[in-house]
Amino acid sequence: MAGVTLMIDGVEVEAPAGESIMQAARRAGINVPGLCQLDGVSVVGACRLCMVEVAGTPRPRPACATTVADAMDVHTDTKELREHRRVLLQMLFAEGQHICAVCVANGACELQTLAAEVGVDHVHFTPPAARLSMDLSHERFGYDPSRCVLCTRCVRACAEVEGAYTWGVAGRGREAHLVADLGQPWGEATSCTSCGKCVSVCPVGALFEKGTSVGERRVERALVSSLTARRQRESAREVLK
Amino acid sequence: MTNAVDLFDLTQKEREAQAAYRTTVLCCGSTACLSGGAQATQDAIASALEERGVQQDVRMVATGCMGLCSRGPLVKIRTRGGEDVLYADVDEAAGRTIAEDHVVGGEVVADKQLSLTHPFFARQERVVLENMGEIDPNRIEEYIARGGYTALRDAITTMTPAGVVEVVQRSGLRGRGGGGYPAGTKWGLLAKAVSDQKTVIANGDEGDPGAYMDRTIMEDDPHRVLEGLALAAYATGAKQGYIYVRAEYPVAVRRLEQAIRQAKRHKLLGKNLFNSEFEFNVEIRIGAGAFVCGEETALMASIMGQRGTPVLRPPYPTERGLWGHPSMINNVETLANVPTIMRRGADWFAGIGTRTSRGTKVFALAGKLRNTGLIEVPMGITLREIVEEIGGGVPDGKAFKAAQTGGPSGGCIPVEHADTSMDYDSLLALGSIMGSGGLIVMDDDVAMPEVARYFMRFCMDESCGKCLPCRAGTFEMHQLLDAICEGRATAATLARLEILCDVVRTDSLCGLGQTAPNPVLSTLHYFRDEYEARVVPPKVAAEATVAATSERSA
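Chains A and B supply the protein sequences, listed in that same order.
Residue numbering for the first sequence is -13 to 227, as defined by my numbering.
Residue numbering for the second sequence is -19 to 534, as defined by my numbering.
Just so you know, the hints here were simulated from the structure itself, not pulled from any lab data.
A quick note: this is a predicted structure, and the numbers were derived from the prediction, not measured.
You can take every hint at face value.
Stretch by stretch, here's where chain B covers chain A in the computed footprint (C-beta under 8 Å, at least three residues):
1. 28 to 40
2. 64 to 77
3. 154 to 162
Glycine included, C-beta positions come from ideal geometry on N, C-alpha and C.
Put together the whole structure using the sequences plus the hints.
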């Protein structure tokens, strides 16, 4: 495949055509913050934390969803982008109930890591008025909507990798939330295979294994990514035969 | 081969049938007049004529919108060889009087008469709305008798698809949904795409508060939309068309469905149109009440039966649209311009309006004005001309303060800029947008922070929740505007509001979020003093916040 050469933060990076700016940057050792992007599932570009400046475009572009091009000049860490990321992360914190001290994902939480990276130590926004109730109807897993960041990684892993299509999103705006099947309790969702892929890809503590307590969340986010990669290799081999 | 419809024959028959009547009573039967009692008026006129035994000589037509909705129900009397007489505020009693005195007696009822040289009508230029108030939208014959479907016939029988694209390109027609993207360029992109599964889509998901241009076009001249869509299909090589209508417009849905049936019966839709190889079918898709479905990728998701949320562009619909095939979405008003452009020529159309904004624009004129309703004006008319001449000025001795254009994506134009030309680029330069055509005029009683709060509330409720900046940002901005309006804001609140505007505008995924801060930004720009006047010292703000919070929890 033909390659392209582009500049990311002043560093010359070579990348295969078709790769995203985020992939190219990460290979070059430049970390672009992101939450909804996950290797192995489709790109949605919804968290807007990976916005980068591309010279010649009027507004920043999501690094996860923008394809590299020859001679592209990308900046991932300008003062303005940093400021916007701080505001966006604060909004995420304000939207839910993110109290690390009582969270199963403490220490293994991508939101926590991002806050440290981006430098969010205070939240200046309005906290939510009502607390949302948990869904603990599934025999092995639980769902706490007040910790959900609506990255929809679980929705995509469930549909694209497991093929079960159990998870979906319902409601608009701030009312948007995950639903299992047609909105019934997770434990009654007949399409769910209890495979646990959704739990494994959750960046925070919204989907968790029952019986795990503060800081006990197992980190196995590579599972879905490696599954997809293995399937792609397999199907490439099939084609060769 | 099927037998092609003979439009000339149909036109002759319809015109002869119409000419047989001595008098025609055109009653406005559009939604605004109907809600003002137009049905009762119509019944009163009909029964009065029946009592006098003259009903056979009089043709009664329930027409589409006559425009001056604030003075409805409207009735127009047309006598053979005479001039049209328009009556306003025609209630049942007035209808009876008009029937007896004017239709039967030949005497004009002066106290209900409204001169057709009134600036409300005289300053307008009707292209898209040319059939409004003239035809019965339920009858295809009346549309055909006014030249309907001849543009489609002539395009199919005498022009190449590329020729049609060229005419639209040369006319300078720009998208009427708000963005103002050149229609000809868009058509050219779809025409160039290689696929045998192309689709064209009419966007009738009009949702701006107070706007009803597209609804009126779909309800009152549905065949114009079909003809425009069929022309788009012929020009671009599409076989399938969709009209996406919001569920809140049941009359539009019914009229369009009926129009599609009629067009099929007359072989104006379907296979081998006008004895050519060209085939085109149209289906209606009804939205489920989400504003965001007016965004083209969300609209396509909704057509495909998915949750109506936008997806990233590129790829653009003309590359990968409905079910992965090249598609094109045009606003209803954009398409409604096309039959007339094809009939009268690109040069005629380009002669109306300004250099960069050709043609006319339909506005839903609302707010603090003497005359409100649906108007169509040449681009380049000034806001002041619309407000003072067409709108008749602000009533009750109040002063014209500002006009809001573009709905929740637009901004407020203050009276200082009232002499600005109404075109895409001038409005953009003022921090507003042309938008789909909502035009709300405000007098000096209106507080601008409250206007901004109203539109932010709308965006917050209509945000789909997919991307973070729009989902959370519109909520936070609404909270801050609430605090400003209710005296709980400090100087820091204003600063935070401006930062949020910047983040939401820059980082949101689709147009809804990217433009949601516009009402705030434009009112902050022109009316900053009103915001600053409401700012209170931190101690007062804190006390007010505590009071408001305890009130809520009590």
